[in-house]
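Protein chains: 2
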Amino acid sequence: MKPSIPKGTRDFSSTEVARRNFIFNTIKHSFELFGFQPIETPTFENSETLMGKYGEEGDRLIFKILNSGDYLKKVDEELLSAKNSSKVTSKISEKALRYDLTVPFARYVVQHQNDITFPFKRYQIQPVWRADRPQKGRFREFYQCDADVVGSDSLWQEVEFVQLYDSVFSKLQLKGTTIKINNRKILSGIAEVIGAKDKLIDFTVALDKLDKIGKEGVVKEMLEKGISNTAIEKVQPLFDFSGSNNDKLDSLAAMLSTSEEGTKGVEELQFVVDSISALGLESASLELDVTLARGLNYYTGAIFEVAAPEGVKMGSIGGGGRYDDLTGIFGLKDVSGVGISFGLDRIYLVMEELGLFEAVELPKPKVLFLNFEENESLSKIKAIRELRENGIKAELYPDVAMSNKQEKKQFKYADKREIEFVVTSLEEDQMFNIKDRKTGEQKVLTINEIITFVK
Amino acid sequence: MKPSIPKGTRDFSSTEVARRNFIFNTIKHSFELFGFQPIETPTFENSETLMGKYGEEGDRLIFKILNSGDYLKKVDEELLSAKNSSKVTSKISEKALRYDLTVPFARYVVQHQNDITFPFKRYQIQPVWRADRPQKGRFREFYQCDADVVGSDSLWQEVEFVQLYDSVFSKLQLKGTTIKINNRKILSGIAEVIGAKDKLIDFTVALDKLDKIGKEGVVKEMLEKGISNTAIEKVQPLFDFSGSNNDKLDSLAAMLSTSEEGTKGVEELQFVVDSISALGLESASLELDVTLARGLNYYTGAIFEVAAPEGVKMGSIGGGGRYDDLTGIFGLKDVSGVGISFGLDRIYLVMEELGLFEAVELPKPKVLFLNFEENESLSKIKAIRELRENGIKAELYPDVAMSNKQEKKQFKYADKREIEFVVTSLEEDQMFNIKDRKTGEQKVLTINEIITFVK
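Taken in order, these protein sequences are the chains called A and B. Residue numbering for the first sequence follows the UniProt record's numbering, beginning at 1 and increasing consecutively. Residue numbering for the second sequence follows the UniProt record's numbering, beginning at 1 and increasing consecutively.
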């Protein structure tokens with residue numbers, strides 16, 4: 001039987017690891033330049049930390065870990081014979097795999113609140129697990145890359161997050177991304193003005209689908225949810241929103257003038273838009289998108305989402321927003337936070353499609369020393385050590401060739417791994433015969449000359 | 001209720017993450033210089049991949065993942081009411097957390113054998129999980145850092161692994177480590193010569209304890225295991241083995257002259273010892289240790305173990321060896337391998353004890369712009385952007401101070417995070433008031449002058 005891995009999981013080859021690390025390292029570098037500090041939390045948390053934090057669907061998709069030892073011993077017999085899986089779970093499992101990085105971060109902040117200096121700017125790049133049905137681009141194990149600030153109300157954070165997105169995507173050479181921005185207070189204001197305040201969630205969920213199901217679909221869904229025709233009439237202009245960010249803000253300011261919350265939202269967005277105009281962006285553009293709601297109920301201020309460059313078919317490659325009570329679930333009130341996330345797997349796919357991985361250095365030796373003569377090995381190993389000390393990746397083909405066939409095998413190895421330089425033999429006086437496999441150029445050089453030659 | 005994490009797991013603060021990454025990056029850098037390629041495997045594997053590979057104890061210590069959905073539905077009712085936990089496990093769990101990196105690597109090689117170029121030099125740095133009883137220095141979640149070569153019999157690999165250990169520990173400034181080496185064939189030869197071939201495992205397990213329980217304890221254990229007094233007599237010289245590696249090898253060569261396998265082991269060790277003598281080591285020393293067995297049955301040739309510098313009380317900080325049939329368990333025969341591992345957590349503790357983390361750059365801003373005047377913020381954010389573009393970590397304290405108390409809070413923030421430079425205010429003409437907090441020196445500089453000043 002051929003061995004396999006669980007569905008929804010992946011093995012990563014060295015080329016894939018190198019490319020993924022290129023993305024991770026670029027993100028990390030920008031995170032740290034912007035003053036964020038890394039933390040790491042355990043792969044599994046106590047079940048009570050995670051359960052109930054992601055809704056019923058989330059609870060179902062959390063991977064639970066079976067207790068060790070004789071885990072059935074203390075379970076009520078009737079419960080077992082009733083075969084009520086969901087009730088038995090809490091009796092036989094007390095740990096679960098991390099489902100996202102946000103809840104463990106909230107737990108971390110509360111648990112370590114006395115050791116943390118607020119405002120606390122943290123970043124975290126770790127895998128998470130979800131028992132979702134796997135499909136193209138959706139995995140059961142995948143990385144999240146989050147940066148959050150907690151303990152500050154300042155809108156400069158929102159400005160900095162726009163800059164941070166721009167910085168990372170510019171460094172990745174992923175030019176032409178669109179950073180969409182909205183504000184939850186504007187959504188609330190709209191709902192208030194149209195007199196459907198109690199239906200805010202239905203309203204935003206429907207509005208969020210504008211791109212997918214069009215104006216008619218959204219209207220149909222709103223009607224189904226009990227939002228009146230009159231209310232929908234009032235909101236019609238939002239369906240064809242266009243012009244510059246400032247045009248949109250002017251229009252919103254007028255529409256929401258009677259709503260205190262809506263007006264606040266317009267002011268907040270205006271601040272971010274004005275600041276970014278004054279600062280400029282390198283390769284991204286900022287676009288007010290009033291349909292943006294991200295389906296999440298915990299955002300209370302800014303909402304972000306990043307779209308890939310035009311022409312690339314891909315969902316959002318990043319998102320985030322401000323939330324006012326992240327740590328409340330663990331008993332620490334009044335800690336405002338704002339954060340963003342990078343979607344590693346989608347960024348990878350976009351970069352692959354655009355051919356942006358060519359610059360990534362692959363983990364392979366630059367120089368391969370062929371091994372045709374046993375008695376040359378020690379000299380070669382000495383030379384290799386010098387190359388390595390000069391930062392040049394080099395290796396000796398480990399097994400000495402005993403036949404023509406085995407010699408060919410060594411050349412084939414250099415072919416397959418696309419190794420640039422091959423040292424065939426040792427000439428007298430510590431001179432090596434080296435070949436540039438691309439140009440075909442062949443020279444007899446000392447080890448110091450080799451260092452210059454291959455660099 | 002104060003939130004907590006499962007026992008045996010850890011949160012890592014940003015200082016800890018930075019220090020751990022310093023070790024990881026040093027190891028990675030050397031791995032790649034030596035021609036090793038990274039791979040990554042999933043956090044959980046199919047249970048049948050892991051179960052039965054680590055003995056009965058290992059099976060017990062593997063963390064199992066509960067199946068999703070109505071996992072009890074198809075379980076036999078009688079089995080449930082009998083509360084036979086171990087039999088029920090395979091019915092309600094089909095995935096398990098990685099227990100080490102070796103078995104997943106073997107699975108990877110077999111599964112991807114057609115895409116791999118042999119000899120395959122891979123490295124892997126990932127966490128593993130064991131449901132062991134947690135104690136000082138032993139965790140339920142910890143990292144392994146492994147490098148292995150499969151598909152080559154060459155003893156140059158053993159030589160390179162000694163160099164690799166030396167390279168990594170030298171770069172970490174962890175000087176004076178001892179790389180202990182033995183060979184399983186020598187152990188077999190000894191058992192053969194003393195006529196206790198069938199008791200090889202008992203013999204090596206007892207001999208391995210020489211450091212811990214002394215000569216008398218070992219003799220007692222050997223007698224208990226049915227090894228004869230005559231046999232133990234023959235092995236007495238091994239208990240007081242001393243002198244240079246060559247002295248020891250001479251003595252072993254004589255002792256094992258009648259054993260083909262033992263003689264082979266001596267020759268193999270002689271090759272490694274001679275090669276390393278010719279090549280030299282930077283800061284480690286190589287020491288033949290005939291008591292070294294590492295309790296593992298799958299080693300077939302060289303056995304390695306690294307001891308921390310003298311004076312530091314710590315178990316081994318690395319180990320490994322050659323195994324002849326790693327992939328056989330998954331159906332791919334005759335693939336010889338050799339590999340070593342670095343013990344991250346112990347290396348961390350040793351470096352901490354020796355004060356070797358002072359050189360590690362912590363993730364904190366170099367320059368903090370205080371935020372006392374709302375109308376200076378935009379100029380400051382512009383200056384910060386220029387600093388970041390020049391690779392200098394900088395940030396604006398996010399919230400503007402509205403009182404003396406809040407101003408003090410900002411200074412306190414700079415204190416707590418030990419930030420070197422503080423910009424207090426903007427003077428006219430884009431000049432900033434900057435203070436070196438260590439020396440107390442205060443200057444009014446342009447942003448370009450600041451870049452030079454803080455670098």
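Hints were generated in silico from the structure; no laboratory data involved. Everything numeric in this text was worked out from a predicted model, so none of it was measured. One should not assume that every hint holds.
Identical chains blur together in the list; that is why a pair holds if it fits in one copy or across any two.
No more than 27 Å apart at the CA atoms, straight line, and that leaves these computed lysine-lysine pairs for DSSO-like [to be verified]:
| id | residue 1 | residue 2 |
| --- | --- | --- |
| 1 | Lys-438 | Lys-455 |
| 2 | Lys-175 | Lys-382 |
| 3 | Lys-83 | Lys-225 |
| 4 | Lys-412 | Lys-197 |
| 5 | Lys-74 | Lys-7 |
| 6 | Lys-197 | Lys-215 |
| 7 | Lys-209 | Lys-412 |
| 8 | Lys-333 | Lys-405 |
| 9 | Lys-248 | Lys-91 |
| 10 | Lys-175 | Lys-405 |
| 11 | Lys-366 | Lys-438 |
| 12 | Lys-73 | Lys-366 |
| 13 | Lys-248 | Lys-264 |
| 14 | Lys-28 | Lys-171 |
| 15 | Lys-443 | Lys-366 |
| 16 | Lys-264 | Lys-136 |
| 17 | Lys-409 | Lys-313 |
| 18 | Lys-28 | Lys-212 |
| 19 | Lys-455 | Lys-171 |
| 20 | Lys-409 | Lys-53 |
Mind listing which of the numbered hints don't hold for this structure, in increasing order? Numbers 3, 4, 7, 9, 10, 12, 16, 17, 18, 20 - these are the hints that the structure violates, sorted from lowest upward.
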